[in-house]
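The listed protein sequences derive, respectively, from chains X and Y.
So the first sequence is residues 5 to 279, counted in the numbering used here.
So the second sequence is residues 182 to 377, counted in the numbering used here.
It is possible that part of the hints are untrue.
[To be verified] Quick list of simulated restraints, FRET-style, between CB atoms: (1) X:ALA61 to Y:ALA364: 19 to 29 Å; (2) X:ASP51 to Y:GLN262: 34 to 44 Å; (3) X:ARG95 to Y:GLU361: 52 to 62 Å.
[Stated by the list, open to error] Only part of the chain Y face toward chain X is listed, based on derived beta-carbon distances under 8 Å: (4) ASN195; (5) THR340; (6) ILE355; (7) ARG358.
If you're looking for bench data, these hints aren't it; they were derived computationally from the structure.
Just so it is clear, CB atoms sit at the ideal spot from N, CA and C, and this is done for glycine as well.
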Amino acid sequence: MMPRVFHRHARWVQLADAYIDGELAPGELARFEKHLAGCDRCQAAVDAARSTKTLLAAAPPLAAPRSFALTPQMVGGAVNAPTRVRPVALRLAQAATALAVVAFATVVTLDVTSGGGSSGPQPLAASEQATGGKVATDSLAPTIRSAATSPAPSPTPTALPTSVPIAPPPTDGAGAQGFSPSPSPSPTPSPSATAQPATTNEAPSITSEPVVPATGPNFGAHDTSGGAQTTGAHTAPRESGVTTGWYRPAEIALAAAAFIAAAFALVLAIRRRRV
Amino acid sequence: MIALARAGDLDAFNRLVERYQDAVYSLCRRLLSDPTAAEDATQEAFISAYRAIGNFAGGNFRAWLLRIAANQSKDELRRRQRRPVVQPPPERDDAPPPFEPADTSQDVPAFIEQAELGRQLERALLEVPFEQRQAIVLADIQGYRYEEIALIAGCSLGTVKSRISRGRERLRVILTRDPELSARFARLHTREETHP
């Protein structure tokens, strides 16, 4: 009983401050004044609140000691500070993006200048050396690969120059996944192959004609095994594929890296601007 | 003027600064009890206000501005609490006493006594919780109505009433805890009663 009365009276006491501030609603004010007339405790609360208010009110609002007007530099610095001082992560992301793009462009340039052989391994470095051109090199790798996978014949096997001799296909097939025994030990290039320009040799790469040119002045240099030319012809494409076949994976990897770095940098920049 | 400031007119915003800088600085000074920190908070409050004026939805601009100032002061207090204070900030000679009476034509002893009382009162105010201190400073020193205090504090009218009541009670307890301060407090009230 007593706590409830005490609690109820505490609400009256709490109204003492609003009363002296003139913040009581009309109905509330009338009720409080009626209660105040017969309550010494609330009267004491009102006096205490009023004395505290009087004490605090003795302090007038302080004048500003100086002008706080903003200057353009102040505002510009405040607004541009987040973008002017870039975080390390954003700088790293931008540098990584630039690096990946440059590397990607370099690889693509190498790929293009080397004959656009990014479509697959490029065998016949030996043939390249022999002919002095890269066209025949490009044309033969797919030819050899497709010989094993695609039985469908093609009228235009390769774009080999007519001067390039055709080596017999390997008979062992060891280590050469794309090789398959050829029915003819010394296949001859089809007329279309000789007539076709060197630059259009990508499309007919699905030919089944297993022509493997591997002769030339420098062919013997690849024939380290000292065996027949077939060995050298077999070895040359594999070595060449190892050296030039990394273009496509490198391009993909670098493009992916550039994309990821650019996306990361973009996210960082957006978050930085929001701050 | 507010519309011009919202459009990015710095001169228009500076006219608002000139109009409200006393109120903003006064609030920061009461809340922080440190002239240097109060100046920093005031400047930061105006910079923040300029950057955020696009979010001002209209209404009571002073309340909106003082709310930013109060938040800046609160942040400043948090920063100071995180940093260990080796020594109190030096009292600037040109800094006016925090509770300097408006009418300096009164007798000198009373002026000195009230100035000293003001410093003690300032220290006592720092012991009052921030929200309650903000409420009684705005109500009793700045003289704002409860409705505007609610806007500044971002709370309801009932909360404002409660904070003011509790803040004054807390301040009274702190003042009476110190016998000297309590005696000065009593003398001040005696003088007020004899010279209303």
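Verification of the supplied hints:
no. : hint                            : in the structure
1   : X:ALA61 to Y:ALA364: 19 to 29 Å : 20 Å, holds
2   : X:ASP51 to Y:GLN262: 34 to 44 Å : 36 Å, holds
3   : X:ARG95 to Y:GLU361: 52 to 62 Å : 60 Å, holds
4   : ASN195                          : 4 Å, holds
5   : THR340                          : 12 Å, violated
6   : ILE355                          : 11 Å, violated
7   : ARG358                          : 14 Å, violated
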